[in-house]
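Bring the two chains, given one by one in their own frames, into a single complex with the hints.
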Amino acid sequence: DGGITQSPKYLFRKEGQNVTLSCEQNLNHDAMYWYRQDPGQGLRLIYYSQIVNDFQKGDIAEGYSVSREKKESFPLTVTSAQKNPTAFYLCASSTRRPGQQYFGPGTRLTVT
Amino acid sequence: GIQVEQSPPDLILQEGANSTLRCNFSDSVNNLQWFHQNPWGQLINLFYIPSGTKQNGRLSATTVATERYSLLYISSSQTTDSGVYFCAVSGGTSYDKVIFGPGTSLSVIP
Chain A
126 DGGITQSPKY LFRKEGQNVT LSCEQNLNHD AMYWYRQDPG QGLRLIYYSQ
176 IVNDFQKGDI AEGYSVSREK KESFPLTVTS AQKNPTAFYL CASSTRRPGQ
226 QYFGPGTRLT VT
Chain B
2 GIQVEQSPPD LILQEGANST LRCNFSDSVN NLQWFHQNPW GQLINLFYIP
52 SGTKQNGRLS ATTVATERYS LLYISSSQTT DSGVYFCAVS GGTSYDKVIF
102 GPGTSLSVIP
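One line per chain: the protein sequences are A and B, in this order.
Take the position in the first sequence, starting the count at 1, then add 125; the result is the number in this note's numbering.
Take the position in the second sequence, starting the count at 1, then add 1; the result is the number in this note's numbering.
It is worth saying that the hints were derived from the structure and are not from the lab.
Keep in mind that this is a model prediction, so the values were computed, not measured.
Quick reminder that beta carbons are idealized off the backbone N, C-alpha and C, glycines included.
Among the hints, erroneous ones may be present.
Said to hold, decoys possible - One side of the interface only, derived from the structure: several residues of chain A facing chain B at Cβ under 10 Å:
#1 P133
#2 F137
#3 Q162
#4 G167
#5 L168
#6 R169
#7 Y173
#8 P200
#9 A206
#10 L215
#11 A217
#12 S219
#13 R221
#14 R222
#15 Y227
#16 P230
To be verified - Beta-carbon label-pair distances, calculated as ranges:
#17 A:N178 - B:G58: 14 to 24 Å
#18 B:I45 - A:L136: 19 to 29 Å
#19 A:N209 - B:Y70: 31 to 41 Å
#20 B:I110 - A:G141: 42 to 52 Å
#21 A:V177 - B:P111: 46 to 56 Å
#22 A:T220 - B:Q56: 16 to 26 Å
#23 B:P111 - A:T130: 32 to 42 Å
#24 B:A18 - A:K195: 41 to 51 Å
#25 B:Q56 - A:D163: 42 to 52 Å
#26 A:K195 - B:N31: 35 to 45 Å
Here chain B stands alone, though its shape is the one from the complex (with noise of 0.2 Å):
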């Protein structure tokens, strides 16, 4: 099945920094997520993205497909947005199989 690579596994902040995290995946895909999951266990979705650039605030988001890699930028950072980020994909032969990558541990320090 699809395989979902995250980088870096770990990164610490100070506060009003900016940082790039990384997916990469193995096959073509047809969905393509990006998730924070808060201190509590709650998963936000915040950005649906299998192709392009969106942008919602502070965050940002570009996948491209044809190279396999999707990107998610985070500017001006606060202590409100550490907790875990979490890439998901489906496709190659499992286009209904929603795989998550095993995340990327933001800490943002005052």
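Excised from the complex, chain A in its bound form (with noise of 0.2 Å):
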């Protein structure tokens, strides 16, 4: 079956860990995107990436890193300078100039 897969669905963590997330998909897709959702909010660009070896931050990046090394996986580290990183986390993907955006179902990251 195509799609995107993240992992986990949820994820506790202490302050002043940093954590990654897990984002991969089978689409074929050139380009991968992370979106940021807060409570009753909309969801905000962390960073995208067209193309293998190549990504450019988003609106919101501060306290983010990410990596592109394989077309399939593209995986975000939520930093401990971070300062509000409990959100839910979405991954998405597309072909190149973006075309239609596919989903995974999320991560629900708690840092206490």
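Encoded structure:
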């Protein structure tokens, strides 16, 4: 089955720890995206990548880092520098220039 | 960068009623999508519609790119239509960057 997987679904961490969220797609899409959603709010763009080994900052990149070593994978690291990391994180992929986006099920991160 | 507005922010409908959701954007676009987010957080792509009109069952969408707006029509609403509807665009000077509007929260009551 083609699609986007994110793991884990729920993640709990202590303040001060870095945490990496996984995003994998088998849709053969070039472009991948990470968004953050806070309760009752819209989606805000963290990072995006149009091609392997290249990525750009979105609107709220501070405190986050990404890598794009493989076409299928776009992991997001939430660092200890992120002041309010508790949120719902969504990953998406699309064809380049961008076409229709497909979203994963999301990861709910809680940091205490 | 490109700005996206959606209206209304909240909408309550009786089951069977029709509704129109609006998305305004501040610059020319090369991509416009409508999504539905269900109560579990999953985002479903309803339409990829940078211009023109499309229909899918009870839903249809129209984008008038020259006037910088898009409309999503929901006819004969059902309780399963409840959730948040988002418009997402890319364009202007950042044609790779897909930005979401604030959403319209729809509640359909029996």
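Against the structure, the hints come out as follows:
Look at P133 of chain A: its Cβ only gets to about 14 Å from chain B, farther than 10 Å, so that hint breaks. Restraint check, F137 of chain A versus chain B: the minimum CB separation of about 17 Å is more than 10 Å; hint violated. Because the smallest distance between the Cβ of Q162 of chain A and any Cβ of chain B comes to about 8 Å, under 10 Å, the interface hint for this residue holds. Annotation: interface hint on G167 of chain A holds; nearest CB of chain B at approximately 5 Å, less than 10 Å.
Given the 10 Å rule on beta carbons, the hint for L168 of chain A holds: about 4 Å separates it from the nearest Cβ of chain B. Hint status for R169 of chain A relative to chain B: holds, with the closest Cβ pair at about 8 Å, below 10 Å. Given the 10 Å rule on beta carbons, the hint for Y173 of chain A holds: about 6 Å separates it from the nearest Cβ of chain B. Annotation: interface hint on P200 of chain A violated; nearest CB of chain B at approximately 19 Å, more than 10 Å.
Checking A206 of chain A against chain B: minimum C-beta separation of about 23 Å lies over 10 Å; hint violated. Because the closest C-beta pair between L215 of chain A and chain B is about 7 Å apart, less than 10 Å, the hint holds. Look at A217 of chain A: its Cβ gets to within about 8 Å of chain B, closer than 10 Å, so that hint holds up. For S219 of chain A, the interface hint holds, the least distance from its beta-carbon to any beta-carbon of chain B being 8 Å, beneath 10 Å.
Checking R221 of chain A against chain B: minimum C-beta separation of about 8 Å stays under 10 Å; hint holds. Restraint check, R222 of chain A versus chain B: the minimum CB separation of about 7 Å is within 10 Å; hint holds. At a threshold of 10 Å, the smallest CB-CB gap from Y227 of chain A to chain B is about 7 Å, leaving the interface hint in force. About 6 Å separates the beta-carbon of P230 of chain A from the nearest beta-carbon of chain B, less than 10 Å, and the hint is met.
Taking the beta carbon of each, N178 of chain A and G58 of chain B are about 41 Å apart, not inside 14 to 24 Å as hinted. With their beta carbons about 23 Å apart, I45 of chain B and L136 of chain A fall inside the hinted range of 19 to 29 Å. Remark: the range hint 31 to 41 Å for N209 of chain A to Y70 of chain B is upheld by a beta-carbon distance near 33 Å. Take I110 of chain B and G141 of chain A: their Cβ atoms lie about 45 Å apart, and the range 42 to 52 Å holds.
Distance hint check: the CB atoms of V177 of chain A and P111 of chain B are about 49 Å apart, consistent with the given range 46 to 56 Å. At roughly 23 Å, the beta carbons of T220 of chain A and Q56 of chain B sit within the given window of 16 to 26 Å. For P111 of chain B paired with T130 of chain A, a C-beta distance near 35 Å keeps the hint of 32 to 42 Å intact. Against the hinted window of 41 to 51 Å, the Cβ-Cβ separation of A18 of chain B and K195 of chain A comes to about 47 Å, which satisfies the hint.
Judged by the Cβ atoms, the range 42 to 52 Å given for Q56 of chain B and D163 of chain A is violated: they are separated by roughly 33 Å. Remark: the range hint 35 to 45 Å for K195 of chain A to N31 of chain B is contradicted by a beta-carbon distance near 27 Å.
The structure fails to meet hints 1, 2, 8, 9, 17, 25, 26 from the earlier list, while all remaining hints are met.
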